[in-house]
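> Fit chain B to the given chain A structure using the hints.
Single-letter residue listing:
Protein chains: 2
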Amino acid sequence: MEYVDEIRSLGNQLSFRGNIEVPSEVDKIVIAGMGGSGIAGMIFKDCYTKKPVTLVNSYNIPDFVDSSTLFVAISYSGNTEETLEATRKARKRGARIRAITTGGKLAEIVENAVIIPDGYQPRSAVGFLTVPLLRGFGLVDDSEIEITKKLLSGYDVSVDPYRKFADEMYSKQKIPVIFGTPGFGSVAYRWKTQFNENAKVLAYATSFPELNHNDTMALEGTYRKEEFYFFVLTHPLLEKEISNRIKITSDLCKIEITRVEGEGATQFSNLFTLIHKGDYISYYLAEKRGVDPRNVEIIEKLKRGLKGSV
Amino acid sequence: MEYVDEIRSLGNQLSFRGNIEVPSEVDKIVIAGMGGSGIAGMIFKDCYTKKPVTLVNSYNIPDFVDSSTLFVAISYSGNTEETLEATRKARKRGARIRAITTGGKLAEIVENAVIIPDGYQPRSAVGFLTVPLLRGFGLVDDSEIEITKKLLSGYDVSVDPYRKFADEMYSKQKIPVIFGTPGFGSVAYRWKTQFNENAKVLAYATSFPELNHNDTMALEGTYRKEEFYFFVLTHPLLEKEISNRIKITSDLCKIEITRVEGEGATQFSNLFTLIHKGDYISYYLAEKRGVDPRNVEIIEKLKRGLKGSV
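If you read the sequences in order, they're chains A and B. Each residue of the first sequence is one higher than the one before, counting from 360 in our numbering. Each residue of the second sequence is one higher than the one before, counting from 360 in our numbering.
Here chain A stands alone, though its shape is the one from the complex:
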C-alpha cells in the first residue's frame, strides 16, 4: 500500500466495527498511549467530559488508579514499552483494563482487546485507534460516520489546497505552528506530530485562549518571526468569543494566521475533517522536501539504543 493510500483510507477506517466495552461502575478513566497511538486518547478527552479522563504518556500511572478505574491501553503495534509498563502497573491495582491494538504483547496481556487491522503506519491508523473508544462511549453514531466519510472522500479527489500550503511552507522553509481552539487541541497536536513524522520538520502546537496569555507577547516582536507559518484550526461551531480572539491576535501582533476549517455539524466530523487536511499538508510537504513520509528509522534506532543501554 502506498503511503498516500494509508492517508486516503481514513474514511473507511471510521466504519470499523468493534468497540471497547465500558463497565458502568467505573468513576474515572485513564488512557495510556504514546505518539500516533496516544492521539486517540487526546481526541477522546476533547469529546468526553462526563467522567474525569487522565492521559498517561509515560511509564507511570497515577496513584488513584484502582478497581473503579477504566484503564484503556492504546498501542498500534501492541509493543510500546511505556504503554505496556503502565498497563502492567494498572493491572496490579485492579483496574478494569481494555486495549485497542493490532496484537503484540498488549493483546497477550489484556483479555478481549479490540483487535484492529495491521499493515499501516500507527499514525495513519488514527481512525481505527479512535473509533472503538468513541463508539464504546456512545459518542458517535452511524449517520455521523457516513456524513464524515462523504466529506473526507471529497478531499481525496481535490488535494490542490493542501499542496499549495505545502509549497508555500517549503519555498520559504517555514516552521509550522498550529493554534488549536477549545475542544480541538488534540487536532492541533496531531498536525504537529504529522509535520514531525511525515515531513521531518519541527512543528509546534498551542491553543486559544491560553496562547493569548503568553505566546501573544512574543508574536509581535520576536526575532525570526518570518520563519514561522501560523495555522489556526477553526470550524463552523466555533464560539464567537474565540473567533474574535483570532482576529484581534492577528491584527495586534501583525501576523498572518492561515485559517483551516473543519466541516460538518458535529465535533466528530470537524475533528476528522481537520485531521485529514493536516495529514495531506504534511504529506505534500514531505514530497516537496524529498523525504520518505513513511520512514521512522530514527525512532527504531532509538528503541534499539534504549534496549542496549538498560
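Please note that the accuracy of each hint is not assured.
Chain copies aren't distinguished; within one or between two, either way the pair holds.
Said to hold, decoys possible - Straight-line Cα separation of at most 30 Å, BS3-like style, residue types lysine-lysine; simulated pairs:
(1) K533 / K584
(2) K662 / K584
(3) K584 / K531
(4) K410 / K666
In case anyone wonders, no lab produced these hints; they're calculated from the structure. On a predicted model such as this, the values are computed, not experimentally measured, just so you know.
Same frame as chain A, now just chain B:
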C-alpha cells in the same frame, strides 16, 4: 519594585502561610487558571495523583463537575475573564469552590478565598499562587521549604550562568525549545511562557518520553535546525531510563541539548529551583534584547479589543 526583585522574591514567597482548605469528601479536583496563574495548577498536577486532577484553561468546565468536585479558581488579578466564567459555571453545579487571588471579582464571588500579596506581575507570583495549593494537600512541609529557599538564595547572588545562556541565545537569535521530563512538564511549560512574556521571543515546550515518538523524527533533518536552542530540564531524581533517552536522542539526532539541573532531594525543591533558573535566563534575554520584561501591553490591548468586540 524592580522586576528583578520580583524574581528574587520567589524564595520568600514559598514561606507564605495560608492554604486552601480541602474538603475530605470530594473525589475529583478541577483547577481553573490561565497563563501565569494557570501554571500553579500544572505544578500541582505534576505533584498530586491521589485523585483525578483536571485543568481548565478556557471558559468551559467539564460535564462531571458536581457537588463531589473541588473546584479551585486561580487568578492573580481576580479578574481573568475565562476563570471567572468557569467559576460561575462550577458554582451552578454545586461544586466545592476555593480560590487563590489578590482580590478582584473572584474574591467577591468565592467565600474564604486565599488572599495573596498584590503588586507583582502574576507570573512573578508563582510561589504565592502555588504554595497554598501544595500546602492544602499536604504536599510540602516547612523543612522542604527552608531547604528550597536556601538553594534559591544562592542563585540570586550568582547569576552568571543565566546571563551566559541568554547571551548565547541572543548572539545567534535562537528560539528556545524546552524538553521536560516526567513530573516536570509544568516547568518546561513555565520556561516557555517566561521566554514569551519576559523576553518576547517565541518558545516551545515538549516532554520526554513523548517527544521520542514525534519530534525525534524532525530533530535530525529539519530545515532551520540551527535556529533553535534545545534545553532539557533534569534533576537528581531522574529515572535512568529517561536519562538514557536524552543521551541517545542527542547522539542520533546530532543536536546539542543543554541540560539544566534542578537541585535538592524532593520534587518540590527541584521544581522551584528549575523555575528560578528559567526565570533568570528569560530575564537576561529580555535585557540583551532591550525589551521591558514587565511590559504586557499587547495582552492588555487584546483584552480591551475583546470587550469592544463582544
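> All hints, please: hold or fail.
Taking the hints in turn, this is what the structure says about them:
1. K533 / K584: both (10 Å within a copy, 11 Å between copies)
2. K662 / K584: between (35 Å within a copy, 23 Å between copies)
3. K584 / K531: both (12 Å within a copy, 14 Å between copies)
4. K410 / K666: Neither, since 37 Å and 34 Å both go past 30 Å.
In this structure, the one hint that does not hold is number 4.
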